[in-house]
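> One letter stands for each residue in the lines below.
Protein chains: 2
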Amino acid sequence: MMRGILYGVGLGPGAADLMTLRALDCLRKVDCIILPRKDEKSLSVSWHIARETVGPIPGQERLSLNFPMSRDPKVTSHAWNIAIKEIKDRIFAGKSVAFISLGDPFIYSSFIYLYEHAQKSWPEIEIKVIPGVSSITAAPIAAGIPIADGQERIAIIPAVYNKDDLRTIIRMFDTILLMKASSVMSEIIEILESEGLLDKSVYVASATMDKEQIVTDIRDIKGKRGMYFSMVVIAKKNHSGVLFGNGEKKE
Amino acid sequence: MMRGILYGVGLGPGAADLMTLRALDCLRKVDCIILPRKDEKSLSVSWHIARETVGPIPGQERLSLNFPMSRDPKVTSHAWNIAIKEIKDRIFAGKSVAFISLGDPFIYSSFIYLYEHAQKSWPEIEIKVIPGVSSITAAPIAAGIPIADGQERIAIIPAVYNKDDLRTIIRMFDTILLMKASSVMSEIIEILESEGLLDKSVYVASATMDKEQIVTDIRDIKGKRGMYFSMVVIAKKNHSGVLFGNGEKKE
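Read top to bottom, the protein sequences are chains A and B. Per our numbering, the very first residue in the first sequence carries number 726; after that it's consecutive. Per our numbering, the very first residue in the second sequence carries number 726; after that it's consecutive.
These are calculated hints, taken from the structure and not from any lab test. Hints may contain errors.
Subject to a maximum C-alpha distance of 27 Å in a straight line, what follows is the list of computed BS3-like cross-link-like pairs (lysine-lysine) [to be verified]: (1) B:K888 x A:K888; (2) B:K888 x B:K845; (3) A:K845 x B:K961; (4) A:K962 x B:K962; (5) B:K962 x A:K936; (6) B:K925 x A:K845; (7) B:K845 x A:K962.
Stretches of chain A that chain B covers, calculated by requiring three or more beta carbons in the stretch to come under 8 Å of a beta carbon on chain B [claimed, not checked]: (8) 778-791; (9) 811-823.
Beta carbons are placed, not taken as given, at the ideal position from N, Cα and C, and that holds for glycine.
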């Protein structure tokens, strides 16, 4: 039986023109694009980004599949079983299938689970992953904060952590990105205040999208239910670097 | 006097088609592209990536400028003074100038220093930064290592550090990226061996470029003088995540 290719395609952080040439080319050529969405009632956020740029492709299938945001294994397993079957059917019928991810497919993306499943269960198929611009750099750029130069260290931390750990990490690193920060903003503010870093922290939500939001006094976020695609960027150092001879750099 | 715009343009990790649509559009429209190179004898690595895709643009200036890889402030300051003057002359004559960076302009890139200088010294000009695909995700993708899912933490560390720090960081994080690792490979191997992580570490150089190199037994690198665009990816966790209900994810 002929077998197709599974593509994981990074779409970039949100603005349509931050897609790569390779991603666009792939999305125009594959037999099927999987449009991940939360549930039947939701539109696919990632497809919303790519849709207009990709345009209509005669004969191409666009298949919406549900990936519920739940930590209940019954809920997620059920949805994933359906998704995996739909994708497998197509790949083993010789079709190429692209799974689209906001940002990069290998960083906090559902594609990672599909990739691991495919590697384990379908070792005979080819998998290609197309990297994308991640919010890890797009959000600091939106906020005008160079993420790291020279010898600076970067820590990227999902919102769930214990406070002592976060304190240690903040002290050891130059730039700290707190992902999905909205739900624990009060704790974050408390720690940053006690470390004297409130002035060096910026809240960024939906970077590069229409609804992009930059809040330079993060205390303004406290108590508000934030957006899902949000991040607190803590940049401790006053940048100066190579002009004064203490940096190393790439070209 | 009319003033132009300064662009910082991320070209992605090395493969020409990993440039974004926005980067390509910008490079085709600006009056001048700055081609950064190490010295008079070198070609611009970043221009080598973009050159063919951008193609010839009548009337566009392409200006090579030297950015020496030195930590001697006399050497770097001299080169930077020349570069800053050339760029300023054009911007204050109303021209748009694009400074190209491998990867992303805000992560370990020379553009950061130009950005900070421009912000401080030329507050009246407009600066636009176009993010790019960074080796931070492109290298793990090349090695087939999902960088982080669910609640995993990522640390990005330049090669210079003290050993105790690195040990602490390795214990606190799930995925650790050691940048520009080649020069300190013996130390890295020693630490990873004592932490039982040699099997979970991969050396990646020049990800997505023609000369891409993936070494799964990093002991093979020991003693060899490695490439500049190299990284050791340490991924501690055996990925499993959302299929078993312990992950959180973006769409």
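> Now tell me if each hint is right for this structure.
Evaluation of the provided hints:
no. : hint            : result
1   : B:K888 x A:K888 : holds, 25 Å
2   : B:K888 x B:K845 : violated, 36 Å
3   : A:K845 x B:K961 : holds, 18 Å
4   : A:K962 x B:K962 : violated, 31 Å
5   : B:K962 x A:K936 : violated, 35 Å
6   : B:K925 x A:K845 : holds, 18 Å
7   : B:K845 x A:K962 : holds, 16 Å
8   : 778-791         : violated (count 1)
9   : 811-823         : violated (count 0)
Of the numbered hints given earlier, the model fails hints 2, 4, 5, 8 and 9; all others are met.
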